[in-house]
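S.K.: Chain residues, written in single-letter form:
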Amino acid sequence: MEKVGYEILKFIKERNMETTVKDICETLGLDHSTVMRNVLSLEQKGFIQTFELKEASYRLTDEGKTYALEGLPERKVVETVLMLGGEATLEDIVKHSNLPEKLVNIAFGWIVKKGWGQILREDETVKVKVLSKPEEEKDEKLLRRILFEEEVNTKNLSQEELNIINELKRRRLVLEKVFVDRIIRLTETGLAQLEKEEEIIPKFEIEEITALTSELIVSGRWRQVKFKEYDVTATPPVVYPGKKHFYLEFLDELKRILVSMGFEEADGPYVELELWNFDVLFQPQDHPAREIHDSYQIKNPRYGVLKDKKLVEKVKKTHEKGWVTGSRGWGYRWNTEIAKRLVMRSQTTAVSARFLSEHKKPPIKMFCVSRVFRPDVLDAKHAMEFYHCEGIVVDKNLTFKHLLGMLSEIAKALGIGRVEFKPGYFPFTEPSVEAFVYHPKIGWMEAAGAGMFRPEVTRPLGVKYPVLAWGIGVDRLAMVKLGVDDIRELHSKRLDFLRER
Amino acid sequence: MPTITIQYDDLCELLGRKVSLQNLENVLPLIKCEVKSIIENQLTVEVNADRPDMFSTEGVARALKGFFGIKTGYPTYKVRKSRVVVKVDKKVKDVRPYVVGAVIRNVKLTEEAFQQLIQIQEKLHDTLGRKRRMVAIGVHNFDVVKPPITYTALEPEKIRFIPLDGKEPLSAKEILEQTFQGKKYGWILDGFSRYPILLDSKGMVLSMPPIINGEYTKVTTSTKNLFIDMTGLSLHVVEQALNVLTTNLAERGGIVESVKVVYPKGYKPRTIWTATLKPFKAELNLNYFNSVSGLNVNLKTLVKLAKKARFDVKVKGKDKVLLTIPPYRCDILHQIDLVEDLIIAYGYNKIKPELPSTLTYGKELPKTRFMRKVRELMVGFGFQEVANYVLTSMENQVFKMGLEKLDLVELLNPKTSEFSVVRRWLLPGLLGFLSANVHVEYPQKIFECGDVVVLDEESETKTRNELRVAAAICDYKASYENIQAVVYMLLKSLKVEGWRIEPKEHPSFIPGRVASILLKEREIALLGEIHPKVLENFKIPNPTVAFELDLTEPLRVYSSQT
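Sequences listed follow chains X and S, in order. Going by this note's numbering, the first sequence opens with residue 25, and the numbers climb by one from there. Going by this note's numbering, the second sequence opens with residue 12, and the numbers climb by one from there.
Heads up, a few of these hints could be off.
For lysine-lysine, the following BS3-like pairs were computed, each having C-alpha atoms within a straight-line distance of at most 27 Å [as the list claims (entries may be wrong)]:
#1 K29/S to K315/S
#2 K340/X to K119/S
#3 K276/S to K345/X
#4 K29/S to K425/X
#5 K267/X to K503/S
#6 K29/S to K104/S
#7 K364/X to K292/S
#8 K292/S to K329/S
#9 K252/X to K267/X
#10 K517/X to K292/S
I should point out that these hints are in silico values taken from the structure, not numbers from a laboratory.
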């Protein structure tokens, strides 16, 4: 037996041995043709009996509605006759009832049929004689009921009412709509068969499904299938999410913290003029940091162009004899060619210098988180490129105390707590300071270098106010914060490591 | 920064008082000496590079005396004139033009004093001396020297003497080739036809600067009197170095005698006395000090601080002092340097930090925000972000990618060939990454968003940073449309409009499976299936599809809209 057939038998049984095709379609979610095909086959096997079931519903026509409200023509005629004294001619009735003659003629027939009065024919004239006002008839009651209910179904009508409906239908006062359905009744054989099937089918014949398909859902056939059970505790295949790089996430977080403290971001090129990387920062041209061991020079292209001639002149004079900065200067001949040389940026202070050359008006708070490069062999503790985080604050009346305050505040924002300050040395700042922070595992470690830009730096740039500057070696900070021991892991080439970070 | 060693007992003796190690460990960092280690009684200390006067125990002791208040104010050095004359020959002018000298009498070179003398020479050579190019120091046993001394330059073949610690005379050539110092510093004399040399009146060689001294004037712990020479390229710098060394020897009781140097025609001035140890003077304004430091001290305190920093102070009016600065302080260029010295004297640990009231609003660069957007989209497409170095190799950027050449930035002084060029595109880095992960689970979907450097004639740096994003999918099966779909949706999500795609030929990709994306008739992206030859070069065992997109124009549009 087909599964659908079985399902139908089961359903009929659930419905107290009898139901209709429509009920099966709607409840089991099957289409009509599928059900009919099965019903036919089940009937042939003697499992069910079917009976056609005709049902109809009725509504009033426009005419019917008018009569339901105003009364049937025969009643109007009777009322007119009574008004005219109990006897009236056709002409009089037509004249007083506002009904067309044809309709009055028809009404005569109904008056006779309903026994409401007599028709008298004298020569050429037709007269109506009515003795009293008749009671409301059943057809009138039904009309009003249909008007009230809008639609009535055969199911809700008695045989007598059905007869009246047929009359009203003939008078074109109601419209009939017919439905055909089929009553299906389970036979004794069918019930026995079903009980037999119920024992075997669940075990052998209900289709077992692994994957639920769109077809199953849309056709409703999922009701007839059984879903294969999974071992929901088995180990699944590994799936890796797309992820941002953990170190770049850390840098992003750092940027967000600095923005929240009111710093504006800046950046500059990786390949930089020595002018910006060193000369503007008052590092003498023979300074060890500028030697081949401490900064990457460029083979190709070797030199850049010095565009701001005025600045170059001021820097030159400052290096040589101090210019108007109040400094003694370094006392050597400054060489333009060296300033033109290109290097890999070795400090983000170059970015600060460029920024100051374009922004001189306080208040200024700038930061930069970017890469710097220094010749080194890559190992667990050293890298040839790393990240610097640098910031400057420019305002009237800023002092060294403010610098220390700023550093403490940044440490607080980064969540590194206790800070201690020691004198430091950077060629471009004076006074200079090194900030040490306490780490529970490592102990005191240098976290930041800072200072106030020297007049030899600010004056040539045209900056007239104190500049607080600080720099953080971000790689080291990240290693501590992220628990990384080997600096190379910050740029790890291990995919499994990145997936798990 | 220079690292020196200090013997605890020696330091206490110079201080004239016993100071606990614990106390020293706390205080030294406050005067620019970071304590690296204390092992038994030996301190290893890193001194800030701007204070060559503290590259020996004597200098550190001198500064500590001021800080502890054991001895404050200007350390006066009595200097006598010696009869020693150094005559300079004009032949030195091209090779090593300046010489200065000093005589130190009555030195007591204990073992430790001797070690310190060697140590400070070394550190001065490395720092002020710029590895002996700017300053070369010779210290000699004065008792064997027969003045006057001549500083001249001779043809190498005319030079022959027993170098320091040598057994027999060597020629200049042999000295450069055979001795440790010759090999290390010989480059300074490269290209000169004559080598500088210091001779006494008997023709004995004191030294061949900047390479080596003669054995003849060798100093030992029993040496009583010293002659010091310093030669170099700048009179100012050699004088500074001489001042540092002589004052430090004077701290141990040595008596300094100045030396007359007579220069030939063409120098100005022609006769100078060196090692006179004259201080220099500078004014410091109270308001200036307070406005920089924020400490708001009064004039009395200012005077006290200056004395602690070992300056002499003369009050000039209500708000000004005239400072006498010792000759060893070669780092003072500007009033601001004095301010720092006085803040150090005040004590960095005693300053109360104050938060600036500067009010600004913060913002990120549009580039940062745009990058974040791109990265988030790529993560949304299921890619793992990687972070490669900007420095890489020609091999990786060019040859392994199947290219013959590429215009990129090359370093002049790389440490290793692995990191010798600046990346010109991101894709080679991604393939390098994949090749390091062939045993890790597939599929591997990775991306990187960051700057590359391209050559740019228009730019003042002849180069410019260019923001890019690149991604690769590597799996047992990977098809062109896998990556094409990502590119299309990425462009759409970034609201890049008006682009078109066309077939392309590129050696890194399989012919017929590579395309370029053009925006305003400029190629902004390359996408396709990596050529098996390239995969072989990188030892990647699986098919790989990839793209690289130049974000310059999308970023420009993004920036103009936000």
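S.K.: Which of the numbered hints are not met once you compare them with the structure shown?
M.R.: Checked against the structure, the hints that fail are numbers 2, 4, 6, 7, 9, 10, while the rest are satisfied.
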